[in-house]
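*Asks:* Here the protein sequences line up with chains A and B, keeping their order.
One point on numbering: in the working numbering, the residue at position 21 of the first sequence is 21, and numbering is uninterrupted.
One point on numbering: in the working numbering, the residue at position 23 of the second sequence is 23, and numbering is uninterrupted.
Among these hints, one or two may not hold up.
[Said to hold, decoys possible] Stretches of chain A that chain B covers, calculated by requiring three or more beta carbons in the stretch to come under 8 Å of a beta carbon on chain B:
hint	region
1	70 to 78
2	204 to 215
3	255 to 268
4	340 to 348
5	525 to 533
[Said to hold, decoys possible] If you only want the chain A side, here are some residues facing chain B, beta carbon under 10 Å, derived:
hint	residue
6	84
7	218
8	219
9	221
10	223
11	272
12	275
13	364
[As the list claims (entries may be wrong)] Calculated Cβ distances over 10 Å to all of chain A for the following chain B residues:
hint	residue
14	16
15	18
16	46
Derived from the structure by calculation, the hints contain no laboratory data.
A virtual CB, placed ideally from N, CA and C, is assigned to each residue, including glycine.
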Amino acid sequence: MNGLDYLVLLGVMLGIAAYGMWHTRGRGDLHTYLKGASNTHWLTIGLSVMATQASAITFLSTPGQGYESGLGFVQNYFGAPLALIVIAAVFLPIYRRLKVYTAYEYLGKRFDAKTRLLGAGLFLVQRGLGAGITIYAPAIVLSSVMGWRLDLTIVCSGLLVVAYTVSGGSAAVNLTQKYQIGVIFVGMIAAFFVLLARLPVGLTFTDALSVAGGFHKLEAVDFSLNPDRRYTFWSGLLGGMFLALSYFGTDQSQVQRYLSGASLRESRLGLMFNAVFKVPMQFFILLLGALVFVFYQFERPPVFFNQAAWQQQAAGEAGGQLRALQADFNSAHAEKQRHVNAWLAARHAGDSAAAGTERAAALAANARTEQARAATKAVLRTADPRTPVNDSDYVFITFILGYLPHGLIGLLVAVFFAAAFSSKAGELNALGSTTTVDIYRHVIKPDASDAHYVAASKWFTALWGFVAIGFALFASLAENLIQASNIVGSIFYGVVLGLFLVAFFVRKIGGTAVFWAAVAAQLLIFAIYFLRHTFPVLDFSYLWYNVIGCAACMGLSILIQAFLPRMTPISADGPNS
Amino acid sequence: MPLSPDNNDEATGLPGLRSWRTVYWVVLGVFALWVGLLTVLTELYA
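Could you put the whole structure together from the sequences, leaning on the hints where they help?
*Replies:* Shown next, in the form of structure tokens:
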């Protein structure tokens, strides 16, 4: 990065933050601070929901996913449109009619105070633990590639997002997210066209797709029922819908975004915007990664994309082995390049037999490059067991730094920070709101003035921001915290979704039954998690915790209610509606 | 299912799409179209 890149990066990031703070200054009442001015347009809501979900790692990692595994990952988002329709039709009208500030306030109205506190508590633990990762994940990649100090990257970026989130509340978050997602779109589209322009002269877009398809990178949809397949249409549709219902429907960082709409119509259209554009957006990012793969068929990539880690070990005892593997990789890549060129020439000449032969030879050479990469990772891991051997997060940033013009490099790094800031701000805003509304106002100080609660909300938002920064700094000392964050989310998400599904759809269940069912379901998930090494039958993917937690919460609610006095069916709006 | 009666009380404001039910069907149709296009892409470049 040169001076122009830093000018673009700092100008974009500081400019958006400063504008957000300035534009939302002096908005002092609690309603405006927590929900915005309730005049938010559907497009702002739609972009805000999109920006909250898409973190920096989405734009760093997803192209790497496309590079390594192709388009199949897009199926993970197939459940989102269905879930968003259910939320728009069922969840949203109830939230709006009851004029709640948080999703957990609704649980209090439908059930009772203890269930509300349980829902809020589960959210705070889960989201609070994961908050640091939103800042840490891009910081570890960018600081490593740029040579920046990791702790300074975390603290500076963390403080900036805390400053404007505390200052302007929900309105500032919505406003800045709109401009941040604009920067993200412009940056990613610019990168796409530069990538196309960088492909060899004479290589058409159709040729590029043929090369990507020839290496199995365009297998977007898989209808097989084989459970061993990682991404299929069915797992994406069912599992994805389950996760999206939980995330968009009950996670306050999302609920707060669409509750800021001027009307039910604006909120619904904001959700429908995401239902329509979520799948194509993820497809576009994955396609970008697949085209980076095509680009690297004609330009030699590094054997290991995390070059900082490779160079560190290459300077040590493992240097000889690593350089030998680099030579093997280079040789296999050169052979692959020859076969790819011959394959394209045969394809242009209409010689399908020769094209098939050359493609098979290119695939064989590709297998040898993959062997060299796998051996390199093994050597790196042996030399230092702490070396992260998954380098897919570094694929896109390596391409950006190596092949994009100055100025655009700064814009793309700004894209990663904009994505980190937008999701971070949504999380902090939700953590501060939930702590204020569901804990502080509800339990500790029920009769204070609006101004007092606004001040409390600012303090709680700042506190969560500092916790997140501290957690991110601690995370730099540990190894598998990103994975741990995903596990923590899955441990809690299913039970929270179960609470809401009982509230919306099972009218004959009251607060006592659902509360103890949720506690028991949560203990069950804890037991499965902690006993998974003792009992191998429990050692399955943590994604299933979502399903088991939700099913257990709903099933146990019905069972416990059967032993309690029969109750009058309660409307989804609660007993007083 | 305890859906409230005013579930669809606001006009969509979208030309040609008067009810929310229609909007949801259109969104589902767009999703099905995307899956169809992705399936064609998969088959075309397999």
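*Asks:* Evaluate each hint against the coordinates.
*Replies:* Against the structure, the hints:
1. 70 to 78: holds (count 3)
2. 204 to 215: Contact hint for the region 204 to 215 of chain A vs chain B: holds, 5 residues under 8 Å.
3. 255 to 268: With 4 residues in contact (Cβ-Cβ under 8 Å with chain B), the coverage given for the region 255 to 268 of chain A holds.
4. 340 to 348: Coverage by chain B is violated here, the residue count being 0 at a Cβ distance below 8 Å.
5. 525 to 533: This one is violated; 0 residues, fewer than the three required, reach chain B with a Cβ under 8 Å.
6. 84: Residue 84 (chain A) check passes; min Cβ-Cβ to chain B is 8 Å, inside 10 Å.
7. 218: holds, 4 Å
8. 219: Since chain B brings a Cβ to about 5 Å from residue 219 (chain A), closer than 10 Å, the hint holds.
9. 221: With Cβ-Cβ at 5 Å, under 10 Å, it holds.
10. 223: holds, 8 Å
11. 272: Because about 6 Å separates residue 272 (chain A) from the closest Cβ in chain B, which is inside the 10 Å limit, the hint holds.
12. 275: holds, 5 Å
13. 364: Hint violated; residue 364 (chain A) Cβ to chain B Cβ min 19 Å, cut 10 Å.
14. 16: For residue 16 (chain B), whose nearest Cβ neighbour in chain A is about 15 Å away, the distance exceeds 10 Å, so it holds.
15. 18: Given a closest Cβ separation of 13 Å, the condition holds.
16. 46: The claim is violated: residue 46 (chain B) sits with its nearest Cβ about 7 Å from chain A, within 10 Å.
Hint compliance for this structure: hints 4, 5, 13, 16 are not met, and every other hint is.
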